[in-house]
Amino acid sequence: MTPPPEPGSLLVIVPALNEEGAIAGVVHSIHQHVPGVPVLVIDDCSWDGTAAHAREAGAEVLQLPHHLGLGGAVQAGYKLAYELGFDYVIRVDGDGQHDARDIPRVWDKLKTSGCEMVIGSRYADLADSKTGTVRRLGIRFFRAVLRPILGKPVHDPTSGFVGVNRTALGVFSASFPLEYPEIEALVVLQRRRFRFEEIPCKMRPRVTGRSSITALKSLYYIVHVLLGVFVNILKFERRLHRPPEQGGKGG
Amino acid sequence: MDRLLNVTTALSIVLLIVVLISVRRAHIRVEYSVTWLLAATAMLVLSRARPVLDLFRRMAGLPDTPLTLFLLGAGVLLVMFYRFSVIISHLRDDNIALAQRVAILEYHLHHLRNHEG
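Quick note, the sequences are listed as chains A and B, same order.
In this text, residue positions in the first sequence follow our numbering: the first is -10, and each later residue adds one.
In this text, residue positions in the second sequence follow our numbering: the first is 12, and each later residue adds one.
Keep in mind that the hints are not guaranteed to be accurate.
What follows is a set of in silico ranges between Cβ atoms, one per label pair, in the way DEER data are often shown [as the list claims (entries may be wrong)]: (1) H213/A / D13/B: 18 to 26 Å; (2) L15/B / L208/A: 35 to 43 Å; (3) L48/B / D88/A: 54 to 62 Å; (4) L223/A / L48/B: 51 to 59 Å; (5) K141/A / A37/B: 51 to 59 Å; (6) R136/A / I24/B: 53 to 61 Å; (7) L208/A / T20/B: 14 to 22 Å.
To list a few chain B residues with every Cβ distance to chain A over 10 Å, as calculated [as the list claims (entries may be wrong)]: (8) T20; (9) V30; (10) V63.
In case anyone wonders, no lab produced these hints; they're calculated from the structure.
Glycine is no exception: its CB is placed at the ideal position from the N, C-alpha and C atoms.
So that you can see chain B by itself, here it is in the shape it has in the complex:
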């Protein structure tokens, strides 16, 4: 059990470092890094605070602590996937509207030039 928690701690620290480096290099925008940083911090805290993890296990009625950690990790990932799906959907809608607007403006511009020419 301790080994599992240590691995989780190490993975959380690696994730924090990777995300921070990515933000520094502008590979991830700051606003989109927040979810990752929160998730990594949450996993780090849970892996180092055994009483908190046990509290979750009792509340969920789960038989053992590793399963609790796994389910919490999966839950965090699901929330993140949902959040990113929402963001991607918004971006796609905006992108389509912008492309249509660009095409319509180019159409008007083309006709304006022809009219002036």
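The shape of chain A in the complex, shown without the other chains:
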């Protein structure tokens, strides 16, 4: 992957850990629906053939020397994209649950709306979604917590299908939540008075493997994210606040 020669360039990043069964399909699907757009798989030190399968499928691979967790892996991709000069980055999960057909819509929304982040929302209508009761309650809880903080409703705060523009890319390259980053990232953006939009997207069942979410992990998740949200609110980072008129490439 050479530095992008033209403005408005997009990079699709795919953080992956032990996804050798799904990663090739994910990469092929992205190439099929957004041809010509480079795909960067961030291998979070998998012990299976994730990196090899991704390369064979035609993706670039950023291999982390040891396991950093989701936030660390995503931030590594953001850092590389920022260094290479990309204007837009869209993140999709490596398990095949995000539909690559939605990527062009997220990209278009990023370009036309001018907002810093676009979320591919699975739960634009939570009542209609095929979500378990516990998860539905969790999402309702975080919606209620985030509503006054963000100043607007967010339907799917835990979505990993997220696009950012270069302004947000610069912020996330410097500072990004390391564990369970999705919700905290919204608060980080809000602290800088950035804007986000949601567009409804479809979610597919996992192609291979199993979700690692257990009841205990869910409880830890809620406590951890709540703490992270309130710590981010209390942080005072004057120099990181966006000035009224933001200059720079792609912003």
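Chain A is already provided as a structure; the job is to place chain B on it using the hints.
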């Protein structure tokens, strides 16, 4: 009471010796041994200077001296845990940044080699 103070004295001396041996064998870096050495020395001094301990007890309004010694020890440990949490957090942040940088540099190196090859 004297027996408790003697036990505290002995434990403080053992802690000092263990920390010094660990530093000598490079199991603990010198900069991280300072907190342990200060804590052990403080407990040693308090256990041997009864008037100082009584002064703390009166200042804190505590009913007896053993409780004062216990609370001071717990306080010292809390400060040390806090200090080590700060150090570990810094180390983790540095470690993550380094791992990301290594991965990005390897990526560039890989492409440079391909380009030259």
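The hints, checked one at a time:
no. : hint                       : result
1   : H213/A / D13/B: 18 to 26 Å : violated, 48 Å
2   : L15/B / L208/A: 35 to 43 Å : holds, 41 Å
3   : L48/B / D88/A: 54 to 62 Å  : holds, 60 Å
4   : L223/A / L48/B: 51 to 59 Å : violated, 35 Å
5   : K141/A / A37/B: 51 to 59 Å : holds, 55 Å
6   : R136/A / I24/B: 53 to 61 Å : holds, 59 Å
7   : L208/A / T20/B: 14 to 22 Å : violated, 45 Å
8   : T20                        : holds, 41 Å
9   : V30                        : holds, 30 Å
10  : V63                        : holds, 39 Å
Hint violations for this structure: numbers 1, 4 and 7, all remaining hints satisfied.
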